[in-house]
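Visitor: Could you put together the complete structure from these sequences and hints?
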Amino acid sequence: MFTLHQQSKQTKARTGTLKTDHGEIQTPIFMPVGTLGTVKAVDQDDLLNKVKAQIILGNTYHLYLRPGNEIMQSAGGLHKFMGWDEPILTDSGGYQIFSLSDIRELKEKGATFKSHLDGSKHLFTPENVVETQRILGSDIMMILDECPPYPAERDYVENSMKLTHRWAKRGRKHFLKTKPLYGHNQLQFGIVQGGVHKDLRKESSQYMASLDFEGLAIGGLSVGEPTELMYDITDFNTDHLPENKPRYLMGVGTPANLLQNIAYGVDMFDCVMPTRNARNGMIFTRHGKVNVRNAKWKHHHKPFDTDFPSELCHRYNMSYIHHLIKSNEILGLELTSKHNLTFYLWLMQVVKERINEGTFGEWYQDMMKTVDRKV
RNA sequence: GAGCCCGUAGCUCAGUCGGUUAGAGCGCUAGGUUGUGGCCCUGGAGGCCGUGGGUUCAAUUCCCAUCGGGCUCC
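For the first sequence, this note's numbering assigns the number -6 to the initial residue and increments by one for each residue that follows.
Bear in mind the hints are in silico, worked out from the structure with no lab data behind them.
We put the beta carbon where it would ideally sit given N, CA and C, even for glycine.
Every clue listed holds true.
Beta-carbon label-pair distances, calculated as ranges:
hint : residue 1 : residue 2 : range
1    : Arg308    : Asp111    : 36 to 44 Å
2    : Asp225    : Asn42     : 33 to 41 Å
3    : Glu124    : Met(-6)   : 21 to 29 Å
4    : Pro60     : Glu146    : 36 to 44 Å
5    : Lys289    : Glu124    : 47 to 55 Å
6    : Gly351    : Thr(-4)   : 15 to 23 Å
7    : His292    : Leu324    : 14 to 22 Å
8    : Glu63     : Arg147    : 39 to 47 Å
9    : Glu101    : Gly76     : 38 to 46 Å
Guide: And the structure:
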């Protein structure tokens, strides 16, 4: 299912292929976030043909609350529902229970929470999130986990990790005894926790590896800890993950974050940053970060970078993009969102080429500095 | 011609029984955003309080005049 191709010599970066029934994913890869069955402001055709996304995310928590499992099942699953025939990964909703719900209750059985839509009470268990993700029909489903905040007491993090482990075992068992609903195979990823404590990270990695998931995620990072600390933990964590399984760093991050974590051996990423920041007027480019709201673009009657393959860059003047964002026009959100995703996927493409040619190690640190500066 | 109301930030307006450094929303401007409730959060700039005079220890506030805008009556 996952095949490694090339290993960078100076770093732990690697290229690989993850096979799903909806197509192959070339890693390292960035996965655009499409919480509610849509990558906000970008339609599926553009996502495939312009952004060149290989896989997108959906969210169990959001899709379970609306439209709900009944609609989803009668639609024939999320692929058919949203008209996307490429791979989909669904997050279990563990993160949302902790970030969105005001009232939640954690018990051995599962997590009870109140819907952010209507206040109604719901229970997510390791088993029923598998069921819901069977109904969604995602190519990759995530286990239910608890994502502790940062900072948190070590005892809390340790107990939380152990609960996640018990849930993981139940989730894996339920996954193995149930079957896909729509004729295509599904994979299940475990999630390593342990906060910023290396001994816990090691323990969690070993435990998750023992359950023989098809892939392993590093969870519980990019929740407010300093960037250097996140790097340190990822670097440590990948040393304790199996070589032959894809590694997915959840919720990360900036282009620089991606480059550094790829150097530490991560294969997959997702993050709201390219799309959310796009809607707030920030674009990421190979020359650095650009705030298109800045007055300096008001009179800039030319494109930002005609050599870059996004519509924003080769077709429209920055003065127009500035105007669209300042006016809160829908087209502004679309163009900046498409641009940022195009850039992220472009960056992953260059990364793969660099790793395969053996020039990643000497290239990525300079690129990190470049993409992180302000234009 | 007479009477009344209004004039405060770029815009729309609060405020003041006379008393620290005159406020808000929007706009402007600069940051932020990391397993997504798009239009959110944080900071900053910006005021001869229409103008001139008077009373007072102290006036955006009270008085007079004047300019500008509006309403009513003859």
